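Number of protein chains: 2
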Amino acid sequence: MLQLESQLSATQMPQSTKTAILAIGGAEDKVHGREILQTFWARSGAQTAKLAIIPSASREPSIIGDRYETIFKDMGVEQLEVLDIRDRDQGRDAYYLKYVDECTGVFLTGGDQLRLCGLLAETPVMERIRDRAIQGEIALAGTSAGAAVMGHHMIGGGGSGESPNRSLVDMTMGLGLVPEVIVDQHFHNRNRMARLLSAIAMHPDRLGVGIDEDTCALFEQDGIIQVLGRGTVNIIDARDLTHTNQPHIGARDPICMNNLRLHILCHGDRYHLYERRPLSSKFNE
Amino acid sequence: MLQLESQLSATQMPQSTKTAILAIGGAEDKVHGREILQTFWARSGAQTAKLAIIPSASREPSIIGDRYETIFKDMGVEQLEVLDIRDRDQGRDAYYLKYVDECTGVFLTGGDQLRLCGLLAETPVMERIRDRAIQGEIALAGTSAGAAVMGHHMIGGGGSGESPNRSLVDMTMGLGLVPEVIVDQHFHNRNRMARLLSAIAMHPDRLGVGIDEDTCALFEQDGIIQVLGRGTVNIIDARDLTHTNQPHIGARDPICMNNLRLHILCHGDRYHLYERRPLSSKFNE
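If you read the sequences in order, they're chains A and B. Taken in order, the first sequence gives residues 162 to 446; the numbers are from the numbering used here. Taken in order, the second sequence gives residues 162 to 446; the numbers are from the numbering used here.
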């Protein structure tokens, strides 16, 4: 508990009643300090939280659902349900709808973001979750595939080891929880800079957010992004773009873009989503 | 010859007498259009060039020296010498010194940049080559390891697949041909964004230049960088850096940097090294 308290103070954690949307870059610490998962727990109401775990991105939903259930019960959560949605009909299940109406936090596990969107997009259960998360009524966290779905536009898959180009990334629709962003996860760990750049070239009005493993971009209601965890959150802002060869290029031609703004943020750093600027952090305050 | 002429015109190539320094990202086309090697050939004086090939970065200097000799002789070069320097004493060889005093172009092959610098740094032969290249008396090209040595600071080696951090990159001294830059090569091909970011965090006054394979950053005498080839040249400019955790961090802690400027340039794009801004290119002229 002492460890938890010192972490909360180190990350300037507000009261447990302040909801947020947490995009986690995958492979978050599940064993030791559990900083990111504890932050979600705190933002959901701590011991009084009523949590929904949605393991639908995974092809082993029972195993992954159980794993997070154990973690959050260890933290003292008594009300917890794994919403093991395996077909789209379950996305209108009356019991599930009632549960997401009453819960205080929803957790989307990792797996395949195309599977997650295929099962949940535009179902009543997901619409209700999204409305409540955007209204700030619940905390919502997604890790890996669960983070990839945050934006209106989503990276469905892609490659690495090439110059940025259109064929390096497969773009599709996300769940629109934070429509302004395009999220990429396992970011530096899987060398995804070129694919996020390729995605932003196609949608330069969106903000690219590349999140490393065991790292979290926590979106506050007021538009402030706070960074938690061991790695970096990488912001690609094409607002000042003065030149690109889009849409002249072919699928495998390299993309050029002039005047991108790039921020490499780490633990304790903050960024304003709407004002598109870094805020003072613990280091230069 | 028709093919060559159209390429020269496509890249707005000036007269063959205009020297330049060419940093090539490795794996340049040696068989088909040979655009980059032909540009070096043209900048060295075309058929009248007198070339020095320095294969010292390689552990197989004879093989790689022969390969480039064949290529440039195919282009019509009659005066060509492979300066197969294998120990530092040869770096003061009177014949080599006379040759580099009279040549019109020097080509540094790939291999290991630490080996190249170990053999050549501060030898009379290399000092003479550097002085003549900086004065614009000769064209100079380096590919892969031969490009890595261009800056005052050099990336000697490093890793990938991690958040940017100090231990991700080994910094050492380069040959100082273009002191303002830190070059990384095989850039997106080997996922080197995080290591170049790590290098720039240590030396934010330098300009990061990440060059893809079969791609060339051609430095003109007046400070204009021109891009040739199939991939991208990636410019990381930390001039507006407003915040970094350097030098507070430990070796493996992630690096943060606010307000980097990033330019992804491709064939035909131009950038001003001293003014640190992209210039109009064929697309928006």
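It should be emphasised that the hints constitute simulated quantities derived from the structure, not laboratory data. Keep in mind that a hint or two might mislead.
To be verified - Listed next, with one range per pair, are the computed distances between beta-carbon atoms:
1. B/Pro340 with A/Ser328: 21 to 27 angstroms
2. A/Gly279 with B/Leu440: 55 to 61 angstroms
3. B/Ile224 with A/Pro340: 39 to 45 angstroms
4. B/Thr231 with A/His193: 33 to 39 angstroms
What the hints assert, rightly or not - Take a look, some chain B residues computed to stay more than 10 angstroms from chain A by CB distance:
5. Gly206
6. Asp227
7. Thr284
8. Gln296
9. Glu323
10. Arg327
11. Ser328
12. Asp373
13. Glu381
14. Asp414
15. Pro415
16. Arg422
To be verified - Covered stretches of chain A (chain B as the covering partner; in silico rule of three or more C-beta atoms under 8 angstroms from a C-beta of chain B):
17. 321-329
18. 343-351
Since we're looking at a predicted model, the values are computed, not measured. C-beta: ideal position from N, C-alpha, C; glycine also.
Hints and how they fare:
| no. | hint | result |
| --- | --- | --- |
| 1 | B/Pro340 with A/Ser328: 21 to 27 angstroms | 37 angstroms, violated |
| 2 | A/Gly279 with B/Leu440: 55 to 61 angstroms | 46 angstroms, violated |
| 3 | B/Ile224 with A/Pro340: 39 to 45 angstroms | 56 angstroms, violated |
| 4 | B/Thr231 with A/His193: 33 to 39 angstroms | 59 angstroms, violated |
| 5 | Gly206 | 30 angstroms, holds |
| 6 | Asp227 | 30 angstroms, holds |
| 7 | Thr284 | 36 angstroms, holds |
| 8 | Gln296 | 31 angstroms, holds |
| 9 | Glu323 | 6 angstroms, violated |
| 10 | Arg327 | 13 angstroms, holds |
| 11 | Ser328 | 13 angstroms, holds |
| 12 | Asp373 | 5 angstroms, violated |
| 13 | Glu381 | 19 angstroms, holds |
| 14 | Asp414 | 8 angstroms, violated |
| 15 | Pro415 | 4 angstroms, violated |
| 16 | Arg422 | 7 angstroms, violated |
| 17 | 321-329 | holds (count 5) |
| 18 | 343-351 | holds (count 3) |
Going down the numbered hints, you'll see the structure goes against 1, 2, 3, 4, 9, 12, 14, 15 and 16, while the others check out.
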